[in-house]
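> Letter by letter, the chains look like this.
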Amino acid sequence: MTPPRTPKIPYGGDYNPEQWPEEVWDEDHRLFTRAGIDTLTVGVFSWSLTQPAEDTYDFTALDRVLDRAAAEGRRVCLATGTAALPPWLAKRHPEVNRTDFEGRRHRYGQRHNFCPGSPAYRRAATALAGRLAERYAGHPAVLAWHINNEYGGVCYCDLCADAFRAWLRERHGTLDALNDAWWTTFWSHRYTDWDQIEPPSALTEHWRGPDHTAFQGITLDYHRFTTDALLGCFLAEKEAIRAHDPDTPVTTNFMGMFRPLDYHRWAPHLDFASWDSYPPLDAPPTVAALAHDLMRGLKDGAPFWLMEQTPSTTACRDVNPLRRPGELRLATYQAIAHGADAALYFQMRASRGACEKYHGAVIGHAGRDDTRVFREVAEVGEELETLGGATLGARTPARTALLFDWDSWWALEMSDGPSRLVRYQEVAHTYYRAARQAGADVDVVPVTADLTPYDVVLAPVLHMVKGDLAARLEAVTARGGTVLATFLSGRVDEHDRAFLTDVPGPLAPLMGIRIDEWDARQAEIVNPVHLGDLTADARLVFEIVRPRGAEPVGTYGADFYAGTPAVTRHRVGEGEAWYVATALDQPGVDHVVRRILARHDLVGPYAGHTAVETATRVAPDGTRLLFLLNHAPEPARLTAHAPAVDLLTGEHTERDEPFTLDPLGVAVLRLQ
Amino acid sequence: MTPPRTPKIPYGGDYNPEQWPEEVWDEDHRLFTRAGIDTLTVGVFSWSLTQPAEDTYDFTALDRVLDRAAAEGRRVCLATGTAALPPWLAKRHPEVNRTDFEGRRHRYGQRHNFCPGSPAYRRAATALAGRLAERYAGHPAVLAWHINNEYGGVCYCDLCADAFRAWLRERHGTLDALNDAWWTTFWSHRYTDWDQIEPPSALTEHWRGPDHTAFQGITLDYHRFTTDALLGCFLAEKEAIRAHDPDTPVTTNFMGMFRPLDYHRWAPHLDFASWDSYPPLDAPPTVAALAHDLMRGLKDGAPFWLMEQTPSTTACRDVNPLRRPGELRLATYQAIAHGADAALYFQMRASRGACEKYHGAVIGHAGRDDTRVFREVAEVGEELETLGGATLGARTPARTALLFDWDSWWALEMSDGPSRLVRYQEVAHTYYRAARQAGADVDVVPVTADLTPYDVVLAPVLHMVKGDLAARLEAVTARGGTVLATFLSGRVDEHDRAFLTDVPGPLAPLMGIRIDEWDARQAEIVNPVHLGDLTADARLVFEIVRPRGAEPVGTYGADFYAGTPAVTRHRVGEGEAWYVATALDQPGVDHVVRRILARHDLVGPYAGHTAVETATRVAPDGTRLLFLLNHAPEPARLTAHAPAVDLLTGEHTERDEPFTLDPLGVAVLRLQ
Amino acid sequence: MTPPRTPKIPYGGDYNPEQWPEEVWDEDHRLFTRAGIDTLTVGVFSWSLTQPAEDTYDFTALDRVLDRAAAEGRRVCLATGTAALPPWLAKRHPEVNRTDFEGRRHRYGQRHNFCPGSPAYRRAATALAGRLAERYAGHPAVLAWHINNEYGGVCYCDLCADAFRAWLRERHGTLDALNDAWWTTFWSHRYTDWDQIEPPSALTEHWRGPDHTAFQGITLDYHRFTTDALLGCFLAEKEAIRAHDPDTPVTTNFMGMFRPLDYHRWAPHLDFASWDSYPPLDAPPTVAALAHDLMRGLKDGAPFWLMEQTPSTTACRDVNPLRRPGELRLATYQAIAHGADAALYFQMRASRGACEKYHGAVIGHAGRDDTRVFREVAEVGEELETLGGATLGARTPARTALLFDWDSWWALEMSDGPSRLVRYQEVAHTYYRAARQAGADVDVVPVTADLTPYDVVLAPVLHMVKGDLAARLEAVTARGGTVLATFLSGRVDEHDRAFLTDVPGPLAPLMGIRIDEWDARQAEIVNPVHLGDLTADARLVFEIVRPRGAEPVGTYGADFYAGTPAVTRHRVGEGEAWYVATALDQPGVDHVVRRILARHDLVGPYAGHTAVETATRVAPDGTRLLFLLNHAPEPARLTAHAPAVDLLTGEHTERDEPFTLDPLGVAVLRLQ
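Protein chains in written order, with this note's numbering: chain A, -3 to 668; chain B, -3 to 668; chain C, -3 to 668.
Keep in mind the hints are simulated off the structure, nothing from the lab.
Glycine included, C-beta positions come from ideal geometry on N, C-alpha and C.
One thing to keep in mind: the hints can contain errors.
One side of the interface only, derived from the structure: several residues of chain C facing chain B at Cβ under 10 Å [claimed, not checked]: (1) E201; (2) H208; (3) H260; (4) W262; (5) Q421; (6) E422; (7) R493; (8) D498; (9) R510; (10) W514; (11) L536; (12) F538; (13) E547; (14) V549; (15) T551.
Pairwise CB distance ranges, derived in the manner of DEER restraints [unchecked claim]: (16) D191/B <-> R119/A: 56 to 62 Å; (17) R475/A <-> P524/B: 35 to 41 Å; (18) A638/A <-> A558/B: 38 to 44 Å; (19) E570/C <-> T645/B: 42 to 48 Å; (20) P524/B <-> A554/A: 40 to 46 Å; (21) R167/A <-> D555/B: 34 to 40 Å.
To spell it out: a stretch of chain A is covered by chain C in this simulated footprint if at least three of its residues, at any positions, have a beta carbon under 8 Å from a beta carbon of chain C; those stretches are [unchecked claim]: (22) 410 to 423; (23) 457 to 467.
With these hints in hand, go ahead and build the complete structure from the sequences.
As structure tokens, then:
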């Protein structure tokens, strides 16, 4: 399946009219019309209204909301609303409340507060989803189903412990296999009965929080189990919907690079991907871009929905800066450039109370349409009407892949030694950023992805190497392609057991190196790495590389390993395998990645303009669209690399013609 | 009622002879006489001695202490001693131990350890207070009753949950009203039964501690409930005392700016206010002064008692600096200058063991009278005898008010967005300090106070605006007065619901402005604000002001809102309403506040001497006393603004005569 | 008893072949032979294998490991393996799991996870130790018994509460005595029944963690009780072993300066001391040296075993640096120089899984013998064979003692006031370092040690003074010796009650001073202290000293106590008593300590070479060995102070002959 078919990019967002008297609804729709808003996400947190008691459902409010939307010509993304328990359910079935990492059974409060292993929750949530589908399948407003909301959180209750044991039996088959996988002879942990296994928590294997575990194997499996347990909740709701509505596409809103859940395990079960983008506002634009590309990678490159972003500010952070003029528009087009086929906000009208009352909204507390934010929202709305369906269904023709692997993320960050300071996302982002700023389109894909479309495969901090991955990477080089791996790659198998071979394990033959030892130092210690004319800063981890076929490309400049290789290249037939043995700074990574991309002619025409992001999408009819996004507060003066028409302005540009992107400006060029 | 009538300022402090053999008592009284000590606080922590078992009271020790005090001509502030449970009570009735924010039922330990909702505690404490009153009412030594000690702390047990529900029923009447007040339709929190409501804790609505709540409404109500629950304990004890002693004044010792309890709810129930002053020793002197003025404001400006201060050092802090020579005397006169009619210490003799053994004391472990600290204490004692009753009952003739509001404090600091970095006390202190250093006497009053006596009303960060406050502030300007409000004021109603009007809500018409959006930035980001010749630093929050009648007084110097107003003045008839839209630094606030004070001729004669604090008190007979306090380690050379006699030295000064205040020096001038 | 008799220094370490298939064992022994490894620590974590169920023991694997070792000519340090519970025991007897400081009963996980007060644990552990002894007493491979592993951790369960009450009855006799010792009249804590006493935890007397207690007395006693409870576990196992094996020496591996357990209470019960050395790799070498000397001091100067060190890196730290070339050898000889008669590693072969898989090992995951680390291990192995038995049984002829006292450590760091920033180890290390870098051999001894062998006794931050210590220190000066004490010494008695005399309490007459008051300041505040030509920095605590016979040696340079003494010397007959009233920096302490050592002619011949550590050992036959250790990465050029032969190279040096120590180089000189 794909996202819902629409004539243009759906525009709108989370809408909670049930919190307001109906006279406010009139004003809402008047303002929606003014702002070009055609799509509303409804019902995300209305369980307590829709089902006020165990045996009572009340669809009055939802009926009115949907009917009104239909009457106004707007479409609805209908939520099942099962992410926040109603009070009566928590009181009546206390086991639906989670038991936390500290072993504390919670009581009613907050949201995302349900135990995924609780039959009472599963039963109630599934019933509600079924009732909604029964009632609203075929309703003219309904465009898509939105199950639950931002799935996340972990439970450690006895029900989950039992479910975990069953899951383990399924996964490992026998206790012998499990003991071997977790290496339990260490520290006398050999289990002789499944019932002896406890969820890994602050009361069992952990100290100093969730990243410090005595046994990586059990904690890794609990992450996988939690992913599957919440996925089970999703699937049960989806099945209940499908019983009544076989066609309307179903999604749930993800959160980008969200460590707790392995979205790759979920991806096959979504009809289309969608996600909520709240990048830290001081992050470089490639942080949001990486998340967009990860989301696009979930469904093999199919477009996704931007389900939420803020029109102005967040509220949940310690400090919540304001999106400056133009930033909202830029972020919206960035999403579209990376594959978004919808642009939705949280939220349409600011809540009057509780913790999100200061979260930005299209309509503020005073209900005005003459604010700067409303004006910018309306301007984008108008532009999206102009754009029409030009971008819908378009795909990204990337020849560069970045492998993203939740298992490696988990394994790396829960590792004891060599360094707790290495963060998976940061290293991955450094490589992604280098490729993107060099102008390459990048697919961010799971390690199981088909790698044949790619000339370049970047595999930073791939701590865990599973299955036939090494062979498939070798196939990339056999085709003449280039593979890059880094420090702390190829260390453990799927159970987090060290490979009993030279580091980097299964990648060692491809990389043509051998590593016996590695140093780690505090963040302020820099080892200069010489890379041709460039001296880059390296930090955190310094692997000592003994080439076994590879040639040095960069060398350490300090410590007892000064002069030994920090970056190597192994020529394998027509292909190349690069290894970066330390955490290089961005200029160092840029240097390495650009050399690799250049080899495959993948450096883009505007690579000299660091602040100008480019992204390509190819429409189903073959039209090639080039998005140009100027992230700088200054104008970018460019020279056209090809004749094109800007779909937003209608302006034509000829090859080699100079043109200017405004500060924070955007162009959507149809290449000719 | 007022503080007890005494011929001079009571001088002394906490005295625990029950911890020592009686031969030490003789030495105590010898030293008390040497130091001019006439008042002893007795029995604060002696419950386990006075009532060694549920059915056994033993007054032997207290009898001897009080009789001895009377024989020595000293008076006693008699504590009910109910702040620290005896072990037997905690063992026999485990429910008297608190359940903490993490949901953990405590066991016996520490102090301030009782559950206010526990009938067993309430019964035992009240019975003890009654027994004490029965026995000591009319005892010649007894000067005042001191109930409990430094009330504080919160309990989350099931008994408190029940009491909270009853309190909510009383407050909200119906669940519909409660659901509306807390805006529970948000996040599916609509309650359908009172029993579904849980105290807001780490197990329910909170994350990252007590300031992070999903629902501000419930947490705010729990703060109010806790205030009332502890007040209920106080009132029960007071009633038990009054049954036997109808006349002796009753107090409990407060802790100044103590966030957990809204002392304004307690104030009507005290016969006189008293408090324990332990300012951080590196704080500017206006921090202690603000607390003194807040305490004086509890009883409409009536004098209060300084119930505790340290003669030398604290012990409970990570680092406990020593009061330098002269600092004790200066702090004592500062208290008197702000309305203290007693000057008491914790503690008379240093404890031999446990956590306060290194807390400073008049008499140290070696029992010497030839230490510096003892000598300074004795010198102050001698001076207070000289001063006699001159200051007793005197009141402060302030024409400037600063509104201090626990509800706003709570609401501001538990707010999600825009910035967790804004701290209520800090902002309030900045404005208070500006006024005090300009020489204005300031009343620190609740938002319900009568504002008619004031020319200037400062209302910093008044996040919550309740009742008719806006109208009463408008009345101030209607009389020609000046009102100042700041950023993050006028945001929410009494339930923490946003006003559905332009910011700053009910204050907007008075301020003549409208605010649609606001920025927040990390603490290190400065926006320069131009205020005439001064450029002040602004930080944290930057509201974007659209004047609606107001004129700009200061403007932002940076970011996309550069040139827009950061400080505005709205002329309303003869009055003025000022708005400061950002967190200005002290020089910026000084500039604004001095302009306002100057308008009303409230800048004092010594305002040019920043280190010299002035404070006025008017005795019951109309005598006007001017306190001059030199907080600098250098002498202050001043010129007299009026003829006066220094009550401490007897020296006369004529108008325009030069005179000098010693380093840390004090003068108490009777103006003529 | 002494360490096991061996012909040379035992060399090897922790070996867990049970985690590997037997073909790996062959490879292990091949590599052991290559590396000169003759001693293996076996069975530390194999309880779950050896006893797979409550009624089942299985010695198959151990039999094979021991027999194989014997066949290969290697000796075994045989562990009882009771430090990590098997899962079945935790499941079947949940009370063997600990209840933590927060009051949470743990479930199965980690290691060091047993409740010492649980009869089920005690029974099972003792039975296992007995079975092992029954089976392996007399086995040719068995060289020593290794009970449990790195004892530590605290339990707060109800079983421990009962045991604590019994322990208290034993210690205090009556509740009156206990109430007096803990000074419970303070804060109404007077106990009237033993059952009212609760272990001091986060739920009772503590706040902000284990160092913040309302009652130091109870917390101090809980530390002592915990020490004794774990010692009880050790003794029960030892007794079970002795029933079958009367002769083989028994030890347990300590952790150097490990605050939770008072090793001095354990020392009499060990046949020989052993410990695991994991100094922070950026610590000065005197940190490890101090711990070595503390361990040597446990058995009156008898040699100890270095039971564990890493050949390369740790894994448990946030950042785990690599031991650089030569550092392992240097650290090994440092241990020997300070009294180690064995040199063992954790671990022989790197674990394949779990939290120690990246901990350094002699044999890495790839099983290679051509790594740098293996090569260095083998080189040391070869050298140790050369060295043979030359150092075995040798003792250190120190004339300087440093008093090390767990009670003072505990009391100081749980004190409320004057400063939480003073850390016992840091201050002790400063004095130790000064003496060591001046070339003095130092015995680190308990306060009960015989002080007659010493010319100089250093007693830094001796917060608690017990028994006849003051008199024994006075005897040192009476003999013409020198005693040094510092700030925060002599404050409390064995129950943490302040002395009712002038500070420093029982040390005051000896020191010839009186202290009435003390200042404390944040770490960044420096008071310069003038010490002859040197101006040293003083911080944290500044006691104000009034000499009573002592003469000033150094004076404060700032604050109101400028010009008063910061360092004093009291001449007492031929002896001297020095007092340092503040936390001097290292140069300041060096100055003071060198003056004292010089007085006794204890400054060493190489004291001018800061990086060159010297240590003397005298072999049983009277041979005097001088270890020279160059901790610098540069060569040290020295002039021989005496004729000598280097046992490692066989080279002779004559007096006054120049010689060079390589970077990180070592010489073991037999003096002639």
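> For each hint, tell me whether it holds in the structure or not.
Hints, verified against the model:
With 10 Å as the threshold, the beta carbon of E201/C comes within range of chain B, its nearest partner Cβ sitting at about 4 Å, so the hint holds. Proximity of H208/C to chain B holds as hinted, the smallest CB-CB distance being about 8 Å (cut-off 10 Å). A least Cβ separation of about 24 Å between H260/C and chain B goes past the 10 Å threshold, and the interface hint is therefore violated. Below 10 Å, beta-carbon pairs count as interface contacts, and W262/C has none with chain B, the closest being about 28 Å; its hint is therefore violated.
Because the beta carbon of Q421/C sits about 18 Å from the nearest beta carbon in chain B, more than 10 Å, this interface hint is broken. Given hint, E422/C at the interface with chain B, is violated; its Cβ is 16 Å from that chain's nearest Cβ, farther than 10 Å. Hint status for R493/C: holds, given a least beta-carbon distance of 5 Å to chain B, under 10 Å. Using the Cβ-Cβ criterion of 10 Å, the hint placing D498/C at the interface with chain B is satisfied: the shortest such distance is roughly 5 Å.
Nearest Cβ of chain B to the Cβ of R510/C: about 8 Å, under the 10 Å cut. The hint holds. Taking 10 Å as the C-beta contact cut-off toward chain B, the hint placing W514/C at the interface holds, the least distance being around 7 Å. For L536/C, the shortest C-beta to C-beta distance to chain B is roughly 8 Å, which falls under 10 Å, so the interface hint holds. With a cut of 10 Å, the hint placing F538/C at the interface with chain B holds, because the nearest CB-to-CB distance is about 8 Å.
Checking E547/C against chain B: minimum C-beta separation of about 22 Å lies over 10 Å; hint violated. The closest approach between the C-beta of V549/C and any C-beta of chain B is roughly 23 Å, which is over the 10 Å cut-off, so the hint fails. Residue-level restraint check for T551/C is violated (minimum Cβ-Cβ distance to chain B is 18 Å; threshold 10 Å). A hinted range of 56 to 62 Å for the beta carbons of D191/B and R119/A is inconsistent with their spacing of about 22 Å.
For R475/A and P524/B, the hinted distance range of 35 to 41 Å is not satisfied, since their beta carbons lie about 59 Å from each other. With their beta carbons about 39 Å apart, A638/A and A558/B fall inside the hinted range of 38 to 44 Å. For the hinted restraint 42 to 48 Å between E570/C and T645/B, the CB-CB distance of approximately 56 Å leaves it violated. The supplied range of 40 to 46 Å is met by P524/B and A554/A, whose beta-carbon atoms lie about 42 Å from each other.
Distance hint for R167/A and D555/B: a CB-CB separation of about 54 Å, inconsistent with the stated range 34 to 40 Å. Against chain C, the stretch 410 to 423 of chain A contributes 7 residues with a C-beta closer than 8 Å to a partner C-beta. That satisfies the three-residue criterion, and the hint holds. For the stretch 457 to 467 of chain A, the stated coverage by chain C is not satisfied: 0 residues place a CB nearer than 8 Å to a CB of that chain, which falls below the threshold of 3.
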